[in-house]
Amino acid sequence: MTQKELNDQRLLREAQDAVRHMHTRRHFLRESAMGLGALAIGSLLGGCGRRQENVMSSIAFDPAHPLLPKSPPFAGKARSVIYLHMAGAPSQLEMFDYKPELMKMDGQDCPGSLLEGKQFAFIRGVPKMLGPQAKFAQYGESRAWVSEHLPHFSTVVDEVSFLKAVTTDQFNHAPAQLLLHTGSARLGRPSMGSWVTYGLGTENQNLPGFVVLTSGGSFPDAGKSVWGSGFLPSVYQGVQCRSEGDPVLFIGDPKGMNRDIRKASIEAINKANQQEYEEYNDPEILSRISQYEMAYRMQIAAPEVMNINDEPAYIHEMYGTRPGKSCFANNILLARKLVEKGVRYVQLFDWGWDAHGDGPYNALNVGMINKYRSIDKAITALLLDLKQRGLLEETLVVWGGEFGRTPMMENRNGQQNPYKGRDHHTAAFTLWMAGGGIRRGFTYGETDEIGYYPVSGKVEAFDMQATILNQLGFDHEQFTYPFQGRPFRLTDVSGKVIHDIIA
Amino acid sequence: MKVLFSRKILLVAGILLAIIIAYLFLSGPHRVDYSADVKPILNKKCISCHGGVKAKGGFSLLFQEEALAKTKSGKYAIIPGDPSGSEMIRRITNKDPEERMPYRHEPLSKEEISILTRWIKQGAPWGDHWAYLPVKETEVPEVEDDWIKNDIDKFIYARLKEEKLEPSAEADKTVLLRRVSLDLTGMLPSEKLARQFLNNTDTNAYSMLVDSLLASPHFGERWASMWLDLARYADTKGYESDQGRTIWQYRDWVIRAFNEDKPYDRFLTEQIAGDLLPEPSDADYIATAFHRNAMNNDEGGTDNEEFRIASVIDRVNTTWEALMGTTFSCVQCHSHPYDPFRHDEYYKFMAFFNNTRDEDVPGEYPAFRDFNDTLRQQFDAVIRWVKENASESQARTMTTLLRTWQPAINSNKADSLVNAVVIGNNDIVLVRNHAIIKLKGIEMDNVSRMVCRFFTNKKGGVLRTRVDAPDGPVLGTNRLDTSGKIQFLLVDFPVQSGVHDVYITYENPGLKNTVDALYLDWFSFTEQLPGKNKPGYEANNNAFRKLLTADLPATPVMMERVPGQKRKTHVFERGNWREKTKEVEAGVPGSLQYAMPAGAPKNRMGLTQWLTSKQNPLVSRTIVNRLWEQLFGTGIAETLEDMGTQGIPPTHRELLDHLSWKLMNDHRWSLKKLLKEMVMSATYRQDSKLTDEMKEKDLFNRFYARGPRIRLSAEQIRDQFLCISGVINPKMYGPPVKPWQPEGIWLSPYNGAKWEMSKNGDQYRRAVYTYWKRSSPYPSMMGFDAPQRNVCNARRIRTNTPLQALITLNDSAYLDMARHFAWRMKKEAGNNIQQQITKGYEWMLYKPLPQAKLRVLTELYIKTVNEFKKDAESTCEVAGFNDEHNNPNDAALVVVANAMMNLDEVIMKN
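As they're listed, the protein sequences go chains F and D. Residue numbers for the first sequence follow this note's numbering, beginning at 1 and rising by one. Residue numbers for the second sequence follow this note's numbering, beginning at 1001 and rising by one.
Chain D with its partners taken away, still in its complex shape (with noise of 0.2 Å):
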């Protein structure tokens, strides 16, 4: 009790302190500054009772014009000039405990009531919360120091000496090696890399080493792991039985727009409206899985449609966390608590992505179908015949067609069943003698066939194909025949026209009508091959039908649905989505002061357009953020996610937005060159160590005195060793790998799939490529703080716990690496075990090692030498084989590697 007292004191204590300082600096002719000093108070101590959730008394603070209006009970809260007489400085003056302001809570202070007083005297002028206002070009602070090598410098310089503090001297070379290497690329440079930078005495040295690590390959998968978490992409799909989900060429999409330095507006349009582009090219498609990373429920018996909307609503969600820093998902259920949104810009915005052709259907239509280079020869040669041949319209639908299997309609679509039910997951018909399935409101103009994707088991069957009534005319009678595999049926027919009905009926003499036939998967309407007199026709459309009935591995994608087909969004009373209320348009909030672009839209493309503007106030100052915290290890605003009036508020606003202009206009999107910037900022160049007096004043480094030193991250830290051990297999892209990992780990319901360890040096390749389950990822990593990515994860929270001692010291895939680090060791440092370890530790670090830790190192290895030397089996167990290294000293040799690889500085970026 005395201590928590004590501490109370002690915050109470530093409050005054601020608040009296904070009265100084505003008595006298300061004004007021709504969005500096109001808010915050409005916030904390009343928008709870007053604001988007509850509008008690008929007053709420969220918006200027709700504020100034009349309550409830006819007063005006505030009255601009007339503090007397608003009714808000009376209420939080007021004695009377049942009159007083906030109700049933602490008075506020003397100091809150003067702000507030004053603001309102001062004509209550409301402010917009910077975050939410146009980025603008900021003078940079006119300060001189020799320490200063770029702008970024101006502005930390500045704050520093407001706040008494020195920076820091460049840190050694080898330190900044490793730093800006594990930073640019996620793990360490490669020996002549390395080597050429040491020993260049250029002054340049440092920015070609840079321009290098920018250059090489590999930044792309370092920062692929970061957009990753935002993508929430996985492996699989992530309910129940959390089944695989093949999506990683969105992956290899990732890694290859960065390596290419894709603009950051560029790299933002393809993800969310690629398949809107003009000529979307394969990649265009491929880079749209970005929001099918959201997960798909195929739990037995779930409503698709619940589901279905699920998606969406993570959708919206993840755009505004993962591009925009705001917390949107607030909204869902009513108004923003403490900023300006308003409940239906919730479902206006959400209505954007509500039109997408995705019904969570275990088969995750629409996929983007991956032809092998022979089928990829094949589709072309086809293709070029029918824009030869017919049109390129025709051509355009044919490639839809072939590559997506879209337009199409899941079986689970029909509108009434006879002798038929959808089963399992709500995705499939499942079809008995005397079905009839009635699929409703096709639109039949220029459709000349009909796709079904379907399965049988019983011979015999006949399915017909009507329209406007099930004993309606004709339009195909085909027999069914089992094959063991899933198969297509082409239905051809004349060209029909309008809008029909059409009933599907299955008949098989001598079923009983309790048997399991048929299993329905899609239809497709569509027309026939065209080109149908022109010469080549018969071996292109056999083809065709080759290349459309091919069973291959497909990527979902996002597409719209048809025109006719268009979803109507409501707004969902309390975000629940059975109860709909009012019919909305897509649209973006009212409240960031920029429109739509004119002329845009109002799609999916149209939204890119407003994203990717320059009026834009959050996208530039969220990835400049981003960006940042992945360097420094905290961003300007802590608060990644969340940019917003309840986010930390940035340490160096100007900074943040001096960059955030800078991305947009110098540098035109080109993340490349925004993180040269940083990199070659003094800033970023400091020496790390903690002197006594930056302990007390800036633990958190908050200000910059010196260079970052974080943890790395999982994948940083797997990459690292894998390096150090010399087993690192630097290939690129393809499907998932899967490293060590211990038995049991993968135990999903209803889910047969095992971890089996991939192999030849597949086990070492990089941690982006390792396979991600959702429902249980790499246990490693988790354990290293990687999110499950089940949602849009903005913020890596860094923890520190014995279960991550415990993963470098005794993961099999660690001891391992461990092995390969002593052999390189033994075979390319010297004879004798101390030029071992001393080489091994400048392997890791670059620089010396210090002799007291040499000594450490060399009394572990005496010590466990000798233990090794009183036990044989234990020695053969630690060298891993009975080989050559099977010996007590290669053994202890393992032993100080797996030490060596636990060292702080080593765990760290220094």
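Just chain F, same shape as in the assembly (with noise of 0.2 Å):
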């Protein structure tokens, strides 16, 4: 669409405006508990007999009603996303792509062949080879490999399609995690999440329909601009939903102002601003009254999922949550409470899965145990637990990090790093995905014998990116923005639905 065509649908939308607002009230004396908002509703629900009409029905940002949802122009076969990112870039070596030549070569020289015209993070000079720093074996009907670090997972692997030939261009963190959810290795274009709550805009509007949950300490190294909307507009962009202080920023309450006050003083602004609309006429004020009940919503809902407090106790046992802390599990419980309440994709970050080995830290063999450990019980219990409920053939769950790492053994600054630890590796890694009308028990995609190359089933972000869309009902090559005088796309000029994959 060029910007033209989006302006005249916009003009055309507009021109209906008066009618979605007063949806907008309806909708909101419905859903309204405490029937805030019933007093300034009068003049507009008079005169008027007609059913609202979904006029939402192509994508074209409307501003006074962003996040509505909308229909995909084919059917999806997923609904909402959860995307798990291990930020760092975990090992495939010692979790998925087993390798027991890599093994033989352990200690010996990396051969120069591996080496020339290669540029590494770290490695200097000829690092040695490392074998892997795990047992494996074989599990479920598709036989998949899962080492033991996962014991937990390794149940469930029939549910999932394994990618195992994942390969990139960026072999730094911040790039990379940008290229996998923005498209682009620079910063700048939207993100994922914002493309996709702009596609389909949100089913709970007492909530944001783009969440994002952080754990292990630190962002992810490309900051908030891997959730940013990019020159998407802003309300798209990732809303960051916390577990220590407000679960969602200025959600809560001033101290001491309790719910009535906040009732009252929200029904107060907002009959002055229905004075206002009286002698302005300016619809723009319509929508912020209802921007402001929705908030007042908001701020029962939020907390309200952000609570698992309230779950029984075999699901916090599943989960391996632990409440009141900040931590990757509790963040995959809200996860799976977000998509139930409607949330359109939730993008999970738990940092520290760079497995250098230059401390204890992040050594193959010392912290990133922790880290396997962290995120077994989990990622295990999600898939589950959206089975349980029926909620995984409509949800898309994606596990992955942003590269690979080496089958060399990392030698910073040319000597040997006191802990075992692998340098970026961008050529291939492991990454899966489950539900959303994704195979169950299947790998796509192989390596060469030290996991170093891939020999079949190379596949791309933009790949990935493609797939994620069509699960959601979207042509990537048709899902365009126009932006600085062309449309532009989340997989820019490439990509390809990865077919073998989908159910």
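Think of the hints as simulated: they come from the structure by calculation, not from any bench. Don't be surprised by glycine CBs; every beta carbon is placed ideally from N, CA and C. Warning: the hint list may mix true and false statements.
Unchecked claim - Restricting the straight-line Cα-Cα distance to at most 30 Å, the calculated cross-link-like pairs of lysine-lysine (DSBU-like) are:
1. D:Lys1689 <-> D:Lys1192
2. D:Lys1136 <-> D:Lys1614
3. D:Lys1056 <-> F:Lys118
4. F:Lys496 <-> D:Lys1056
Said to hold, decoys possible - Covered by chain F, according to a simulated footprint, are these stretches of chain D (three or more residues, beta-carbon under 8 Å):
5. 1300 to 1310
6. 1854 to 1860
Unchecked claim - Computed footprint of chain F on chain D, listed as stretches where at least three residues anywhere in the stretch have a Cβ under 8 Å from a Cβ of chain F:
7. 1767 to 1776
8. 1864 to 1873
Take the two lone chains and join them into the complex the hints point to.
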């Protein structure tokens, strides 16, 4: 769509502005338990007997109601997405990509052929090869290889499709994360969650449509840009929900201002704004009134959904949560609650997977053991719990990092690292997807004997993005936004849907 | 489905109607206009296959010569004057689906076919897009009406008549006061100024108000906020750990420039090429930080060249988007899909920026060192002494060295390393025992000193500096000792000449070969302080050394590489920097119909001459459009970022050109004069109420039958509340400040920096001074659509969300302002609650509070007082402290103040 067409459509939609506003008002009356909003309504409802019509069937930015649910161009299998990003890039060689041949080379100098023309983040000179730091076995009917570090997850391998030959061209964290989530290694493009909420809106207007949860003590390396809205309107940026402090920034009333007072003050604001509307006749004022009503409802809905204490004990046991703490397991339980409540896109970042081995905390045989343990139960529980609720079919779950790890042991600054670790590796790493119409119990792609290069089924970030969009009902080539005179898309000029992993 | 259908019908009907009108208009004697009639069809239906990205069948419509050339099939797609012989017409009218164009898409409409046919018949005249043609003086419409106040209004009025709309009357004085103050200074006027204006019955009252606002120092702060989005100004570097960057002096430079009303051409010249001015002042250097706002990647193991190039590309894109409202970034990978820019023209333009000294190292060299007053005096004295005792040119060399540590070579540029390695961020060379570091091809003419910045934690090391070979002649032998700090080594030797390889060796007896011993940052090959035998040498030399080695904050600036090290620029195949193809020289796109001004050098200074020439069609239009958008909410051309053929066409093209012409000629690039003209217009001064007719005919106010009514910007919202609550600290300039922000917002990896709230009134500084962390900008500003400022942001798209309501309702910073507002009402506005609310409302809006609203707010007060009477703890919490305000009445007044600050008319500019 050109900017001009977009504008025409906008004008057209705006012509029906009043109708929609009335809808919002009624909608509010119907859903609002406390009847807030009843006050300013009379004049608006009067004389209008028309039924509300859903005019949001095509993608265009409606400044008054940017997040109303919209239908995708074709029926998608998935309704929502939970993306689990292990920031720092976990080692595929210790989790899913079993390489017995690599064990045989353990401790030997890396062959020159693997180093020629290569650029590494930290490896200098000739490093040693490093065998898998885990035992592996095959599980499930799909006979998928999983390491001993993931005893729980090994029981659900028949739910997932593994992508074993994912590749990227970015060997630094921030650019690689950006490429994966925004389709560009440079800052400035909208993130996948922004695209999805722009395209589909969200089903629960009392909650943000695109929620971000972080754990591991730091934000992902690319900062908030990995959930930024880029050139899309800022309303589509991810909203960070937090387990400490306000669950959504500024959602809590100031101390001492109880709900009755807040209700009274929003009522007063809206009453006065209604009077302002009568004087100025500007529909923007009506929009503001409905935003304040929505804010009030969000103040109830968000803390409710963000509170995991009311979950039964068996759920806590299943996920391995630690109520009151900030951790990955809690976030993953929240993710389930959020999609259950109609949130469109839930993005988790768990920081601390950068297994260089320059200290114990990031050593494959020390710190990473704790990281595996911190996710194993939770990711397993997520799949099982979604399944038992009948949500797995319509929830696409994605797990992975931004790149992989080298089969060589890192030798930072040309000297052996004190702990066992691996450098960043772009050519091949593992990612898995489950639910949302993805094939169950399948492995796509293969790497060579030491997990260095893809042998078959090579997949790029763009292909993965195209596949996610496809499952949501979008042709990634047609799903564009006009900006700077050209249609932009998440997958830029690349991307092929990975049909083999679609059920 | 049904809905979709009916919408489509509506849309189609609308388009049909437009086409019929166009048809009626075009048929008969009217000639088809390429830009208005033909180009839109080509852009929409043809060019994605036959344009800058693809040229299927060997046919492209991007440039005239391509369109008229023979296609792959040997046929001519377009034969001017002969539509029936033109392959294009044959193909668009063909019935065979395999032949018919657009291939596998809907056929062109009859009208579209008719336009293209007549166009070819009329000789297929090519036309240029309006925005690429030089700005000409435009005739002002000859209309008369009492409503009209200046030429702007004549353009607007003429168009309103065409649209059968009537302009609105002038807004109330109170409304105008608030509107123009927020627009020109971004905040409310001082009480004195407000009173002066409201009591002034002189016909010039408004004009006098405008002059006062334009002269206010707060003017610069408001307009800097706009510019800093374009300049992607931030206080951090961007990637991963997102470390701080000291570059606020640039922000202050922008504020000062707006306040001084620095002519826009000069404003741009200094920012693009201040360092290349004949005798650059400190401020000229700081101005060039404009393009040092590009991000810097300090992440471990990054390829510095990759991110240096990323910065250069960012500078090219920013220059086009911010200054010329043109999307140039497409041209990085291929010719522009729609607009007449060729692939290699991108790289020619890039060559202007490809020769600067910065190399994406964490030190952000070159940086302009900020001497404090004492050092500044010493510096002046040393330089004066060199001028008197040596030469002007040597004084310049010493000045550059002391202010910027340039020229220098980063250690990571070492040509080969033995027992040494480039570590971490690829910036520092780590040296171990028996190391040899080779610096290749150093120009040694007049060089008599090597300066090296280093750190060592091992005693007893010996550094030898040799030339030509690892065992070549020794220029210096120096013992290195530990000091716990970064140190400087000055190796002095007799004056050298010619080009040499320099070898630096490190020996430390007793140290194992694997122990990390020494870290090298940069080397500078320079001359010793001249004037050795002149009186005062020793004192000046001591001062010189002190100045050179002082640890000082420094602002990243632009500087060129020394002539011998000029970088070559290549075209990147499909934008990939690793795939370099042909070499190009600096140059500007050929399609804008005017070349570099005669005699302009092929560097950034020459580029500024091209940019600020009156022939440049884009620079003046872009800034005029932008200023208009700031006042009216929408640009004359809505897409500020793109005035090309795909942008939304301007609603009042003649007005845009008229103002652009005037800016360059009558106003001599003075933005204050241009702004004054805009705000003095009747168009701007109109009342902003909507009639039902306007709602129906012009909901978005594209024709200006009413005054602007738009939501305030993130900065205006904060600044306004600081004014209302009376806490505003008007202090200007200096390092960024940190107002209240919730816990846990900053969590960058490998970065322990914490947000520590500013004290002593610094927490109440204007929004423009708020610390801007790229990966986590100040959340309440983000909520109101402020960008992250990672890249140039040409336009903030306003949204309206519940999260915004939550900010002004609940953010502690806003609650704090509500408290101060409440205390102010209590203290200054009388004893009775109604008086207090009424007065408070007047402080916000200058107009009397309508009775109905007073009733609503009073009821809220009464209800809340009763609530607080039941709850002493809540009362204390809302009142904030257990002080004289800890009582139900005062707490309730805070709630009312908080509500008043959330009224639509307060969040909006009316």
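Going down the list of hints, with the structure as the test:
1. D:Lys1689 <-> D:Lys1192: Holds, because 28 Å separates the two Cα atoms, which is no more than 30 Å.
2. D:Lys1136 <-> D:Lys1614: holds, 10 Å
3. D:Lys1056 <-> F:Lys118: violated, 37 Å
4. F:Lys496 <-> D:Lys1056: The given pair, whose Cα atoms are some 22 Å apart, holds under the 30 Å limit.
5. 1300 to 1310: Holds, because 5 residues of the stretch 1300 to 1310 of chain D bring their Cβ atoms closer than 8 Å to Cβ atoms of chain F.
6. 1854 to 1860: holds (count 4)
7. 1767 to 1776: holds (count 3)
8. 1864 to 1873: holds (count 4)
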